[in-house]
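First residue of the sequence shown? That's 151 in our numbering, and the numbers climb one at a time after it.
It is worth saying that the hints were derived from the structure and are not from the lab.
Note that beta-carbon positions come from the ideal geometry of N, C-alpha and C, so glycine has one too.
Check before you lean on any hint, since a few could be wrong.
Label pairs and their in silico Cβ distance ranges [unchecked claim]:
(1) I298 - V167: 44 to 50 Å
(2) Y223 - R194: 23 to 29 Å
(3) A240 - E312: 20 to 26 Å
(4) S325 - A185: 55 to 61 Å
(5) R266 - I298: 37 to 43 Å
(6) I218 - I188: 55 to 61 Å
Simulated crosslink set (SDA-like; lysine to any residue; CA at most 25 Å straight-line) [stated by the list, open to error]:
(7) K313 - S331
(8) K230 - T291
(9) K313 - Y216
(10) K313 - R266
(11) K329 - S212
(12) K313 - A228
(13) K313 - E340
(14) K321 - R289
(15) K230 - R287
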Amino acid sequence: MRSSWALLGWMIGAAAVVYLINSSTPNPLPFILLAYLIVFFGNRIMGRLTRVPTTSGFEHGSPDEYLIIETDYVSELAFKVWFVDGDWEAGRSFEISGKVLRMPETPLEGLQIGERATVQIYPLSGWFEGSRIGWIRARGTCSVGLPIPLLMQLLEDVRRSEKQVISIGFKATTSERGKPSFPIYLLEMEPPLH
151 MRSSWALLGW MIGAAAVVYL INSSTPNPLP FILLAYLIVF FGNRIMGRLT
201 RVPTTSGFEH GSPDEYLIIE TDYVSELAFK VWFVDGDWEA GRSFEISGKV
251 LRMPETPLEG LQIGERATVQ IYPLSGWFEG SRIGWIRARG TCSVGLPIPL
301 LMQLLEDVRR SEKQVISIGF KATTSERGKP SFPIYLLEME PPLH
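Model the full assembly from the supplied sequences, consistent with the hints where possible.
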């Protein structure tokens, strides 16, 4: 419905422009052709531009639980480009680990977090396709996928100082098969206060 009203508006606007040009110039043909070309190619260009959807389609996932780690170790892994499970991974992934400062107060079924935890950060060739950015595995190891520009910024900060405080926000859910699952929705990193 909206597109037919927009089309009707374009047609009325074009007719008004043709009328104005025809009544004000002795030879309106060049102006009418120019107006037609502008409208024709303008519509084609506008049709090719990426339209931002009004809703992203992402599921809302705000974290219910938090894991806070004070890192003291960084390990950069080999640079690689590979295709896994329908996704490209390209770049240098790295791991940061350290002492757990805070974990969920009540034990979560299927999740064991020790005194130390590791966060594996790997590059994504594109941008996020979901609101979840990673997973916490059963033994407390976190895997987070970040687009390359964000990963490079994070890696530069970690290279400057291994001492960082990482906050990971996640939810405790159950998969379709009844297994516990821990998707990550938040990753924050800042220097320690002390």
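Evaluated hints:
Between I298 and V167 the C-beta distance comes to about 47 Å, which sits within the given range of 44 to 50 Å. Against the hinted window of 23 to 29 Å, the Cβ-Cβ separation of Y223 and R194 comes to about 55 Å, which falls outside the hint. Under the hint 20 to 26 Å, the C-beta atoms of A240 and E312, about 25 Å apart, fit the expected range. For the hinted restraint 55 to 61 Å between S325 and A185, the CB-CB distance of approximately 59 Å keeps it satisfied.
Between R266 and I298, the C-beta spacing of about 28 Å breaks the proposed range 37 to 43 Å. Evaluation of the 55 to 61 Å hint for I218 and I188 yields a pass: the beta carbon distance comes to about 58 Å. Taking the CA atoms of K313 and S331, the gap is about 29 Å. The hint is violated against a cut of 25 Å. Straight-line distance between C-alpha atoms of K230 and T291 comes to about 21 Å, which keeps the hinted pair within the 25 Å bound.
For the hint linking K313 to Y216, the alpha-carbon distance of about 19 Å falls within 25 Å, and the restraint holds. Of the pairs offered as hints, the one joining K313 and R266 holds, with about 14 Å between alpha carbons and a cut-off of 25 Å not exceeded. Of the supplied pair hints, the one linking K329 and S212 holds, its CA atoms being roughly 20 Å apart against a limit of 25 Å. Between K313 and A228, the direct Cα distance comes to roughly 22 Å. Compliance with the 25 Å bound is thereby established for this hinted pair.
Note on K313 and E340: the hinted pairing holds, with a Cα-Cα distance of about 9 Å set against a maximum of 25 Å. For the suggested pair K321 and R289, the alpha carbons sit about 16 Å apart, so the restraint of at most 25 Å is met. Taken as a hint, the K230 and R287 pair is honoured in the structure, with Cα atoms around 23 Å apart against an allowance of 25 Å.
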